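Chain by chain, the residues:
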Amino acid sequence: MINPDAIDFSKNGQQNHLASCDTCHWVSPYIVGQNNRCQRCHDALVQRKPFAFQKTLALTICSVIAFFPANLYPIMTILQFGKGQGDTILSGTLYMFQNGMVPIALIVFIASFIFPLAKILGLLYLLYSIRYSSKLSRRKRTHMYRYIELFGPWSMLDVFVVALLVSLVEIGNVLEVVAGPGATAFGVMVILSIFAASSFDSKLLWDERVDDER
Amino acid sequence: MTVTLSSQPKVLACRECDNLMYYPLLQEGQQARCKRCRHVILYRKPNPIDRSIAIALAGLILAIPAIFLPIMSMKLFSINSTVSLSSAIVALWQNQLYFVALVTSFFCILAPLSKLFVTLILSFQVKLDRIHHQSYVPLIKFYQRIDSWEMLEVFMIGILVSIFKLRDDADLFFDFGLVSYILFMICIVALKLSFDNELLWNKVEIDD
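Those protein sequence lines, which keep their order, are chains B and Z. So for the first sequence, numbering that gives the first Met the number 0 puts the first residue at 0; every next one is plus one. So for the second sequence, numbering that gives the first Met the number 0 puts the first residue at 0; every next one is plus one.
These aren't lab readings, by the way, just hints derived from the structure by calculation. Be aware that one or more of the hints could be misleading.
What the hints assert, rightly or not - Result set (PhoX-like, lysine-lysine): computed pairs, CA atoms no more than 20 Å apart in a straight line:
no., chain 1, residue 1, chain 2, residue 2
1, Z, Lys74, Z, Lys44
2, Z, Lys202, Z, Lys140
3, B, Lys10, Z, Lys140
4, Z, Lys191, Z, Lys34
5, Z, Lys34, Z, Lys126
6, Z, Lys9, Z, Lys202
7, Z, Lys44, Z, Lys191
8, Z, Lys34, B, Lys139
9, Z, Lys126, Z, Lys44
10, B, Lys10, Z, Lys34
11, Z, Lys34, Z, Lys74
12, Z, Lys140, B, Lys48
Quantities reported herein were computed from a predicted structural model and do not represent experimental measurements.
All chains, full assembly: derive it from the sequences and hints.
Listed below in structure tokens is the structure:
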């Protein structure tokens with residue numbers, strides 16, 4: 000147990016040689032260079048996620064790479080009498096726009112194109128702001144990170160739509176929906192970007208120069 | 000086991016910015032924010048144990064029709080075809096999209112179902128004062144690990160999008176499966192709002 004009277008509350012946990020458990024949030028003493036364990040749940044204890052910067056950068060680059068096949072390959076093909084052209088995510092959205100389904104097209108466009116892109120760019124920006132400088136306050140950047148984590152699952156929307164359509168639309172040889180390789184690439188990209196966001200450590204944003212307390 | 004001390008924490012560190020503070024004592028329904036980064040660090044949910052039991056039971060009952068009953072059906076040239084959550088995954092598998100099929104079944108069936116089971120067991124363990132059971136801590140850890148991988152809401156919007164995509168080309172009918180799916184999803188969201196793992200952690204005793 001730690002003694003609250005011995006803590007300097009103007010400094011953060013790391014400077015007080017404390018660490019809060021990532022699993023149960025219990026605050027335990029932390030000795031650098033030792034194998035520290037949480038007093039309450041006995042999980043391994045870290046003050047900052049190890050190699051958070053490198054891991055996030057690596058996984059973000061991976062999701063950038065997966066972003067291209069995900070958007071260039073068709074995610075599904077609508078076959079009418081055995082013939083049809085593959086639809087990528089963007090061409091499918093464009094088709095809905097042209098057919099007057101503007102609100103639903105906007106939802107799909109935002110969830111499956113804007114969100115992943117914003118997520119990747121946002122993570123890269125956060126990483127940049129740790130190493131260099133940023134015009135945004137640390138509080139705003141923490142907010143930004145929280146939203147990046149929140150938006151993650153919504154990019155799976157298009158994959159689920161493909162799943163539903165592939166199963167539902169099977170009217171003999173007349174009308175059939177076949178899934179394409181883009182769906183796999185898209186799923187891989189979404190999962191990679193969720194991992195990228197979860198490997199980031201927002202405490203790093205607050206570790207920089209103490210003077211700009213915004 | 001040596002001397003067991005009270006597990007009520009005295010100090011709290013913000014998860015987002017590592018700011019230290021005294022552990023705030025809250026009433027049910029109150030929340031506390033970090034002074035430095037404004038993150039909600041604590042939120043005591045009202046009546047968490049009883050509500051979680053009720054919601055988890057309802058969710059588990061609704062899960063069966065929500066997964067297996069057809070969500071909607073389509074009619075074209077007098078041929079009828081239906082889709083349910085389970086048949087959508089089977090169709091993905093038959094289309095050789097093995098990865099997508101596995102991921103979808105994890106996000107939309109396994110993760111929500113295990114969440115319901117785990118919260119039910121945990122709530123009963125607290126209710127019946129069985130928190131010294133060896134499965135208590137691992138179950139909380141398991142709950143936290145799968146918490147962010149459940150995507151029923153996203154699938155719900157997916158259903159809406161496919162309705163709009165097909166509405167001009169074919170006649171669509173909605174079945175009882177859709178109703179139970181929506182209720183199932185509401186249960187999962189309500190569980191997120193009522194289950195309080197911080198409270199469960201504070202019941203774990205500490206050997207010093």
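Here's how the hints hold up against the structure:
1. For the proposed pair Z:Lys74 and Z:Lys44, the alpha carbon gap of about 46 Å is over 20 Å, so the pair is violated.
2. In summary, the hint linking Z:Lys202 to Z:Lys140 is supported, as the alpha carbons are separated by about 14 Å, within the 20 Å threshold.
3. Taken as a hint, the B:Lys10 and Z:Lys140 pair is broken in the structure, with Cα atoms around 29 Å apart against an allowance of 20 Å.
4. Only pairs whose Cα atoms come within 20 Å are accepted, and Z:Lys191 paired with Z:Lys34 is rejected, the gap being roughly 25 Å.
5. Between the alpha carbons of Z:Lys34 and Z:Lys126 the distance comes to roughly 34 Å, so the proposed pair goes past 20 Å and is violated.
6. This hinted pair checks out: Z:Lys9 and Z:Lys202 have alpha carbons roughly 14 Å apart, not beyond 20 Å.
7. Between Z:Lys44 and Z:Lys191 the alpha-carbon distance is near 10 Å, which keeps this suggested pair within the 20 Å criterion.
8. This hinted pair checks out: Z:Lys34 and B:Lys139 have alpha carbons roughly 14 Å apart, not beyond 20 Å.
9. With a C-alpha separation of about 16 Å, the suggested pairing of Z:Lys126 with Z:Lys44 holds against the 20 Å cut-off.
10. A C-alpha spacing of about 13 Å is found between B:Lys10 and Z:Lys34, which places the hinted pair at or below 20 Å, so the restraint holds.
11. Of the supplied pair hints, the one linking Z:Lys34 and Z:Lys74 is violated, its CA atoms being roughly 58 Å apart against a limit of 20 Å.
12. With a C-alpha separation of about 18 Å, the suggested pair Z:Lys140 and B:Lys48 falls inside the 20 Å cut-off, and the hint holds.
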